[in-house]
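Since the structure of chain A is already known, use the hints to place chains B and C on it.
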Amino acid sequence: MKKEEAKERKKYLSNKEKIWRRYKKHKLGMIGGTIVILLLILSIFAPFFSPYDYRKPDYEGAYMPPQPLNFIDEEGDFSITPFTYGVEQGMDPETWARTFEINPDQKYRLQFFVEGWEYELFGIFESNIHLFGVEEGGTFHLFGTDKLGRDILSRIIFGSRISIFIAFFGSLLSAVVGSLIGGISGYFSGKVDLLIQRVIEMFQLFPQLPLMMALSAAIPTTWPPILIFIGIVVVLSLIQWTFLAREIRAIVLSYREQEFVKAAQALGANHLYTILKHVIPNCFSHIIVVMTLTIPRLILAESTLSYLGLGIQPPMVSWGVLLQEASNIQTIGQHPWIMIPGAFIFFTVLSINFFGDGVRDALDPKSN
Amino acid sequence: MNKLNQEALVEVKNLKTYFYTEEGVVKAVDGVDYEIYPGETLGVVGESGCGKSVTSLSIMRLVESPPGRIEAGEINFGGRDLTKIPEKEMRKIRGNDISMIFQEPMTSLNPVYTVGDQIMEAIMLHKIVDRKEARRQAIDMLQKVGIPLPEQRVDEYPHQLSGGMRQRVMIAMALSCDPQLLIADEPTTALDVTIQAQILELMNSLKESYGMAIMMITHDLGVIAEVSDRVAVMYAGKVVEYTDVDTLFEDPKHPYTWGLMNSIPKLDKDVDRLEAIPGSVPSPLNFPEGCKFNTRCPLAEGKCFEEEPPLEEAAAGHKVRCWRYEDLEEIKKRGERIYEDRGVQK
Amino acid sequence: MAENLLEVKNLKKYFPVKAGVFKRTVAHVKAVDDISFAVKEGETLGLVGESGCGKSTTGRTILRLLEATAGEIVFKGQNILTYDRKQMRKLRKEMQIIFQDPYASLNPRMTVGNIVGEAIDLHNLAASKKERNEMVRELLEKVGLGSEYMQRYPHEFSGGQRQRIGVARALAVDPKLIIADEPVSALDVSVQAQVVNLLQDLQKEFGLTFLFIAHDLSVVKHISDRVAVMYLGKIVELTDKDDLYNNPKHPYTQSLLSAIPEADPKKKKERIILEGDVPSPVDPPSGCRFHPRCPKAFAKCSEVEPEFKEYGAGHFAACHLLED
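Chains as they are written, first to last, in this note's numbering: chain A, 1 to 368; chain B, 1001 to 1346; chain C, 2001 to 2324.
Chain A extracted, bound-state conformation (with noise of 0.2 angstroms):
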């Protein structure tokens, strides 16, 4: 009997492998997956990935075009190892706008692992090595620079950090609040639930970007950035939290009649023990899904807060501050290169979306 039980136990899948499963099987999950995963790793070690120190400015290097890395040079000889072009700075004489002209004759080539600006990581690892840099004297900055020199592909790397981190924390916080007010409403009922389902729609009532500028605009700007960045994430969990606290209340009703919460009352468990214990694990799954899909609603108000320059603050660096310096006509007709953080975001939201769309699917038994 021992083998055969043996043999039985192999044909359960468990829950978490039957989930993996699932999840496999939505493609463009997948592939949102695994981008939120690179995008997580990139901005972990922002200082490794990052060929320069994003605050440092190069006065000399303002608005400098995107250069691109080149296989082939101009006499058509090809080169195994990418290299850029040296680049001079020039003034055109009658518009007297700046010029950046492409030196043929100086070519730096493309190395990884180089030595380049310090950092600390965590505050615990001191290091000075960058993932990919060229030869001294040259300069690789593949999405341009800004006003100030400063490169732009290091802006949104470390700008991938505050972006990410606020949407993630701002996620947890409102699930958290929606959960146990969403939670306290449905099993409770009556006039408890009538009360916070009045309090639910009051904040539903308000226009959500009115809402959260005036939220944010309450900030006083003299707050310490850190400060700021607690403030702006607070302000955004305000907003969405009163989502999930409804549907958490609707499964929490149908739960609550579910004869395993009956069970746990009749031993003698008081109400907050049974909701803590018996209905919030059941809502994980629902919890996971919704806030992965909070996400990149978040991502996308606080880059709407920062563009309006009432998120964060220089010289704190976050998706939407990198925009709010490509927001006027003049600046985006001369150097487009400063819309490509946009782009960032644009493709880190609709891949936190489709990982959420899988996770989802995954997770919902019935989707089988």
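Accuracy of the hints is not assured; some may be wrong.
Said to hold, decoys possible - Cut-off 27 angstroms, straight-line C-alpha distance, at most; resulting in silico cross-link-like pairs (BS3-like, lysine-lysine): (1) A:191 <-> C:2204; (2) A:277 <-> C:2086; (3) C:2267 <-> B:1207; (4) B:1332 <-> C:2266; (5) C:2266 <-> B:1319; (6) B:1269 <-> C:2018; (7) B:1333 <-> C:2266; (8) C:2266 <-> B:1207; (9) C:2266 <-> B:1266; (10) C:2267 <-> A:191; (11) A:16 <-> B:1027.
The set of hints was computed from the structure by calculation and includes no laboratory data.
Given the structure is predicted, the values throughout are model-derived calculations rather than measurements.
Relative to the frame of chain A, chains B and C by itself:
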């Protein structure tokens, strides 16, 4: 050929319906043979997962495909093999020559249409009549199934009717085209016992007046005893015993049938302890080698674990699928119990 | 003579029906409408009836999972409806429940060990984690499940096994009374017998008292000592099981008994087929609740409610036909 020397109305031969799932192949019906003769009731009894519902869905070709598929076998009806005819022809048979009623009348009836509309739909799909005539026939059907004030009820919605009424409506829909065979899949399981009695009586009287055959699928041996003429006992996708109803209850030859009968408490007989079949039905993804009942059978030994017994004729008109049914006879003669429930189950 | 462990006196449970924008109470579902009975220590009282009769509601109200509208529930001589939260908590160790649905009664996210051990933890019945696990192991073995199942999750078990887990959970607090709310209805026939036997064994071993609620009269008769038949919120008959079968006094009991299909084709019963459907407990019929369907009803039945009286040793019934 049955006792009256009639030809079978429906002949199921070696039917195999498999489901191809992520976790493996589920052999829901794995070589099933039985016949339904005109005007008789064939009871198909078994517990959950034995395949009794899937056989009936296979006859109606309502098996969801994918993941299910009729792998092999024949279902002969009216000179044709239902597993092979095109869907268009099958649709002419469904609801018309062969009808089906289900266990849950609430979910089998569309909540947004009146019961009248739903009966009329069944009628107009198969007969060439106009709406007025169809409505008249629908009211007529409601009356036949014993619903009071049918002219009123015909415009009501399913939620306005009780469970028993809804089941009657289902029966009305099923009979509206005068089928030759009515397949009833656990029709009274969800009903209260007094309502069940009403429905069973209704079905019996309709059987008489319509002259139709009934395939009654249930897990309730009491219902089987009440309504069946012949019975097929199913376990793990196969028929394990097949005979007429009197013989089945007097002389069950398969250990599973024997176990089932002795595990139900009887109103008139008092026993100290029920004879319980140990263990539970094996998972269809993991059927044992040999006889599928060997994980629970107290008589299982040797050959039972190696080779699957064939369905063979143990006595005239009485087929059993067991290597040791003769040994069971001996034990029965001695008046012993074969299932000793020691309290600790596998 | 065994003492009455549980006495239910004139118990009522009404559910308000709210309608309108302001959710005003427009009617009441009289699920349990003035019932009285007693359960002796060590016996099994069966509570049987069809859907809507109020048997499940009775069970849950006794445990105060639902709050009674009126009446008394006397457990070991004390009216527990007056208990405060603290007293109720202590009481939970003495009264437990087994549910019908083996799939909904276990938290799918908890391991079996935790499900059974939860009660032990809540009431601090174990001095250490080791002791607690030891207790859980013993309980699982008592219900016929090996202790190696402690780390598994409910979805890995069959219906019958889950029901055993539910039984183990109820036993964990060492209760005196167990209310079994349709414990075998959702199980396969062959598994029902296993669980019924198990309950009987446990009763003998632990001296338990059962209130066995079910709709299947055959099962109830097998396991109970006495049986109460409920109809639309009222008890219509109460007596010991053999008496109920051999000498049913109430017309409803008679038709219930005759409606049960017996597993014997030779027995063609004299069937009493009731007309009509089971009415709704929102608007019960006047007088005797059963009169619209009763084949023996007469004028008085629609006007006056019959009294629940004793007619011969321990045989109670509520019917005007018996009053003469």
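Against the structure, the hints come out as follows:
The suggested pairing of residue 191 of chain A with residue 2204 of chain C is violated, with an alpha-carbon distance near 47 angstroms, which exceeds 27 angstroms. For the suggested pair residue 277 of chain A and residue 2086 of chain C, the alpha carbons sit about 21 angstroms apart, so the restraint of at most 27 angstroms is met. At roughly 20 angstroms between alpha-carbon atoms, residue 2267 of chain C and residue 1207 of chain B fall within 27 angstroms of each other, so this suggested pair holds. Our distance criterion of 27 angstroms between C-alpha atoms is met by residue 1332 of chain B and residue 2266 of chain C, whose separation comes to about 20 angstroms.
For the hint pairing residue 2266 of chain C with residue 1319 of chain B, the CA-to-CA distance comes to about 21 angstroms; that is within 27 angstroms, so the pair holds. Among the hinted pairs, residue 1269 of chain B with residue 2018 of chain C is inconsistent with the structure: their alpha-carbon atoms are about 48 angstroms apart, more than 27 angstroms. The straight-line distance between the Cα atoms of residue 1333 of chain B and residue 2266 of chain C is roughly 21 angstroms, inside the 27 angstroms bound, and the hint therefore holds. Note on residue 2266 of chain C and residue 1207 of chain B: the hinted pairing holds, with a Cα-Cα distance of about 20 angstroms set against a maximum of 27 angstroms.
Proposed proximity of residue 2266 of chain C and residue 1266 of chain B is supported: the alpha carbons are some 14 angstroms apart, at most 27 angstroms. Our distance criterion of 27 angstroms between C-alpha atoms is broken by residue 2267 of chain C and residue 191 of chain A, whose separation comes to about 58 angstroms. Between residue 16 of chain A and residue 1027 of chain B the CA atoms are separated by roughly 26 angstroms; this keeps the pair inside 27 angstroms, and the hint holds.
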